[in-house]
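Asks: Listed below are the residues making up each chain.
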Amino acid sequence: MNRETELGVQAWMDGELPPTEAASVATLATSDPQAAALLAELKHTRAALAGNELERAVPASREFYWSRIQRELERLENQPAAPRRPVWLSWWMRFLAPAAIVAVLALVLFTPTFAPSSAHRTVHPAEIESPLDDVSVLTFRSEAERMTVVWVNFQ
Amino acid sequence: MSKKLDYPSSSDQELVQNAQKGDMLAFEELVARHRDKVYARAFSMVRNEDEAVDLSQEAWVKGWQRLKQFHGQASFLTWMTRIVINLCLDHLRKQKRGRTESIELMDEEIGGVERQMPVVTVNPTEGLERAELRQRIDRALNQLSYAHRTVLVLHEFEQLEYKEVANRMGCSIGTVMSRLFYARRKMAVLLAGLRDEQKP
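Line by line, the protein sequences give chains E and W. For what it's worth, the numbering used here labels the leading residue of the first sequence as 1, then goes sequentially. For what it's worth, the numbering used here labels the leading residue of the second sequence as 1, then goes sequentially.
Treat the hints as calculated values from the structure; they're not laboratory data. Ideal placement from N, C-alpha and C gives every residue a C-beta, glycine not left out. Warning: the hint list may mix true and false statements.
[Stated by the list, open to error] Sample of chain E residues facing chain W (criterion: CB under 10 Å; computed from the structure):
{"#": "1", "residue": "Glu6"}
{"#": "2", "residue": "Asp32"}
{"#": "3", "residue": "Glu41"}
{"#": "4", "residue": "Leu42"}
{"#": "5", "residue": "His44"}
{"#": "6", "residue": "Arg46"}
{"#": "7", "residue": "Ala97"}
{"#": "8", "residue": "Ala99"}
[Stated by the list, open to error] Residues from chain W that keep clear of chain E, each with C-beta distances beyond 12 Å, as calculated:
{"#": "9", "residue": "Lys4"}
{"#": "10", "residue": "Leu5"}
{"#": "11", "residue": "Asp12"}
{"#": "12", "residue": "Asn18"}
{"#": "13", "residue": "Ser44"}
{"#": "14", "residue": "His91"}
{"#": "15", "residue": "Arg93"}
{"#": "16", "residue": "Asn123"}
{"#": "17", "residue": "Arg130"}
{"#": "18", "residue": "Leu141"}
{"#": "19", "residue": "Gln159"}
{"#": "20", "residue": "Asn167"}
{"#": "21", "residue": "Arg184"}
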């Protein structure tokens with residue numbers, strides 16, 4: 001028996017085989033001694049496990065166990081709820097704001113009118129920061145390659 | 001004025017309904033009623049008393065927070081058990097347990113180890129008292145890797161289908177089949193071995 005057949009026997013026992021495959025495995029399980037022995041072993045194990053999980057009790061008193069849960073629930077209930085951001089603002093922050101940052105950077109860096117010469121540049125692109133809490137921007141400029149990479153990270 | 005609930009004699013459904021309205025005493029009764037089962041499920045997966053207590057308590061906190069999402073499609077205990085299982089799976093994933101485990105899993109993926117196990121021809125648990133059988137199963141479970149044990153717990157004890165086990169464990173159905181096969185075969189050998197050890 002190869003591995004695939006063995007797994008097939010198991011799947012048949014578990015009722016997980018489609019009817020089209022079930023018939024051939026059923027035949028094999030009755031006609032092949034190896035398959036029959038394997039099936040018997042799998043059935044014994046399954047029967048042994050059924051309903052025979054060891055019962056366990058919490059190693060603490062009812063009061064002690066509950067007290068920690070209660071403390072945590074009270075802590076969570078006393079926590080000030082985070083102010084909810086309006087849906088339109090969330091959408092703006094998530095999609096449009098990063099796009100706007102990239103657009104502004106591209107404008108500044110690649111438009112000759114705006115781009116200062118490297119000798120007079122006062123702000124390096126890497127210093128440009130996102131004003132948004134959940135969006136961070138990282139830029140890398142290679143003068144040799146005359147290329148700028150802008151990495152926008154959505155939290 | 002609403003009638004005061006007699007918590008110990010109330011049904012789970014009544015307690016859940018009250019807890020959903022914010023009655024923490026009703027929730028406490030639910031915890032007292034089902035804490036052993038929820039803890040036992042956590043223990044069966046993580047095999048550590050302290051971790052199982054922590055995870056089961058965390059599950060009750062999550063249960064309270066999500067109580068409004070419970071609509072009674074399954075029993076309350078089944079719902080809570082699903083929560084603790086998910087927490088245990090996350091916990092086990094974070095732990096990324098040891099090298100031995102990886103070697104065992106690698107062996108299983110290759111499919112060599114269980115092929116060398118002789119088929120256990122006799123029923124290794126026949127004639128055992130239930131309490132003794134449970135003890136032996138528990139000892140045998142302890143000797144399985146967490147991945148094999150988890151598949152057994154989810155399939156045999158929680159009665160989840162292959163697809164559901166795969167979804168929860170974040171693996172393919174083929175992997176579930178393979179792990180379940182290995183775990184069952186190893187359990188058969190371990191149970192037979194434990195039986196032989198105890199023969200006079």
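Asks: Does each hint fit the structure? Answer for all of them.
Replies: Okay, the hints, checked on the actual structure:
no.: 1; hint: Glu6; verdict: holds (6 Å)
no.: 2; hint: Asp32; verdict: violated (12 Å)
no.: 3; hint: Glu41; verdict: holds (5 Å)
no.: 4; hint: Leu42; verdict: holds (6 Å)
no.: 5; hint: His44; verdict: holds (5 Å)
no.: 6; hint: Arg46; verdict: holds (7 Å)
no.: 7; hint: Ala97; verdict: violated (31 Å)
no.: 8; hint: Ala99; verdict: violated (33 Å)
no.: 9; hint: Lys4; verdict: holds (20 Å)
no.: 10; hint: Leu5; verdict: holds (18 Å)
no.: 11; hint: Asp12; verdict: holds (17 Å)
no.: 12; hint: Asn18; verdict: holds (15 Å)
no.: 13; hint: Ser44; verdict: violated (7 Å)
no.: 14; hint: His91; verdict: holds (17 Å)
no.: 15; hint: Arg93; verdict: holds (22 Å)
no.: 16; hint: Asn123; verdict: violated (5 Å)
no.: 17; hint: Arg130; verdict: violated (7 Å)
no.: 18; hint: Leu141; verdict: violated (8 Å)
no.: 19; hint: Gln159; verdict: violated (9 Å)
no.: 20; hint: Asn167; verdict: holds (15 Å)
no.: 21; hint: Arg184; verdict: violated (5 Å)
Comparing the model with each earlier hint shows violations of hints 2, 7, 8, 13, 16, 17, 18, 19 and 21; every other hint is respected.
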